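Protein chains: 2
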Amino acid sequence: MSELTLHNYFRSSTSIRVRIALALKGLDYDYVAWNLREGAQQTPEYLAINPHGVVPTLVVDGQALTQSIPIIEYLEQTVPDPALLPTSPLDRARVRGLAAMIACDIHPLNNLKVLTYLEVELGVDTEARAHWFRHWVQMTFGPLEAMLANDPRTGQFCHGDKPGLADICLYAQVMNNRRFKIGLEDYPTIARIYDACSTLAAFVQGAPEAQPDAS
Amino acid sequence: MSELTLHNYFRSSTSIRVRIALALKGLDYDYVAWNLREGAQQTPEYLAINPHGVVPTLVVDGQALTQSIPIIEYLEQTVPDPALLPTSPLDRARVRGLAAMIACDIHPLNNLKVLTYLEVELGVDTEARAHWFRHWVQMTFGPLEAMLANDPRTGQFCHGDKPGLADICLYAQVMNNRRFKIGLEDYPTIARIYDACSTLAAFVQGAPEAQPDAS
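First to last, the sequence lines map onto chains A and B.
Its first residue numbered 40, the first sequence is counted upward by one per residue in our numbering.
Its first residue numbered 40, the second sequence is counted upward by one per residue in our numbering.
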């Protein structure tokens with residue numbers, strides 16, 4: 040078994056994703072926290088691990104892997120059981136597509152560095168930043184709700200009755216939404232899947248409040 | 040062989056990615072253009088194909104696949120030759136990670152709908168929008184350049200001497216950068232790889248100017 044070290048931050052949504060995947064796969068790892076609020080990810084110490092200066096980074100036997108979904112794809116290939124992706128190519132494309140809706144169309148627009156740029160560089164006030172955050176969530180959660188509700192492949196989770204990559208991204212995004220008090224009233228299927236995830240130990244273990252650096 | 044229909048737009052960077060992958064795999068497809076400048080992706084006709092209202096969508100035997108990287112992963116699994124990902128899990132994680140740096144940390148921030156929101160909702164002027172665009176390119180191209188230049192696995196292309204997923208994303212992003220006149224003087228390795236891609240027929244075929252809806 041490889042030595043795994045996860046460099047991350049308790050509140051980071053992409054860190055949540057990787058922690059849940061590690062927990063679902065039953066993998067132990069060393070937890071190293073970098074405080075994004077204090078800019079720790081831009082220190083020479085962190086840049087020596089990941090020159091991109093973003094979290095998470097998973098170090099596997101000394102080799103740094105970056106970007107949450109590629110990290111989870113690595114775990115999926117090396118520890119196939121339990122599977123986080125279905126077997127057939129079309130079903131895999133569906134699950135990866137649902138995950139990418141969140142990972143490419145919501146999260147990148149709403150993370151800390153972008154909200155900071157809006158505030159500091161463009162002088163966007165608190166209310167307009169909250170509107171920005173909610174806008175990008177709504178632009179994707181609306182269609183995501185429809186695509187989940189109208190597809191017979193949706194089960195207790197996004198795809199069937201076992202949690203996978205799309206559920207991981209959905210759960211982390213809903214957690215992230217709490218900062219701007221976005222409810223799930225308009226998204227009953229997303230709410231149902233989030234609730235199902237919340238009953239599982241791996242998701243609870245990956246949540247921000249369960250981490251050693253939680254504050 | 041499956042029937043393939045690509046719903047896309049000539050200038051869309053994510054559409055460029057899928058077109059190059061299809062060309063590298065030697066796959067024929069029907070090309071359907073949706074003019075994003077005119078909002079065609081939000082018409083009932085397009086939303087019936089992809090409720091998310093974004094391009095590209097690849098329809099495979101009547102089933103709609105969304106999101107460019109999941110679509111390319113589908114092509115990789117179903118048409119393995121030529122491979123767009125290396126074989127070993129660690130190398131696959133590297134290539135997927137390089138691709139995700141562009142797909143998650145640059146492109147989502149700089150696409151048309153975001154630039155439009157900045158202009159219309161936040162009153163950000165032309166110069167500040169150009170600064171925004173360049174900022175997110177630079178924040179990732181700097182580290183990307185270092186990660187490519189300092190890794191012996193980089194060859195003629197991002198990983199070895201054959202083009203793959205990371206090259207596809209790099210090429211499409213550099214094409215996208217032209218709109219804001221971002222040169223590659225500070226990024227010699229990225230420039231070299233872009234030039235190598237530009238000599239290949241599949242990349243030329245995927246470029247905006249080669250499409251039937253180019254204007």
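The set of hints was computed from the structure by calculation and includes no laboratory data.
One or more hints might be untrue.
In the BS3-like style, the derived pairs of lysine-lysine whose C-alpha atoms are separated by at most 27 angstroms in a straight line are [said to hold, decoys possible]:
| id | chain 1 | residue 1 | chain 2 | residue 2 |
| --- | --- | --- | --- | --- |
| 1 | B | Lys152 | A | Lys220 |
| 2 | B | Lys152 | A | Lys152 |
| 3 | A | Lys152 | B | Lys64 |
Just so it is clear, the structure is predicted and the values come from calculations on it, not from any experiment.
(request) Compare the structure with the hints numbered earlier in the document and write down the numbers of the violated ones, lowest to highest. (result) 3
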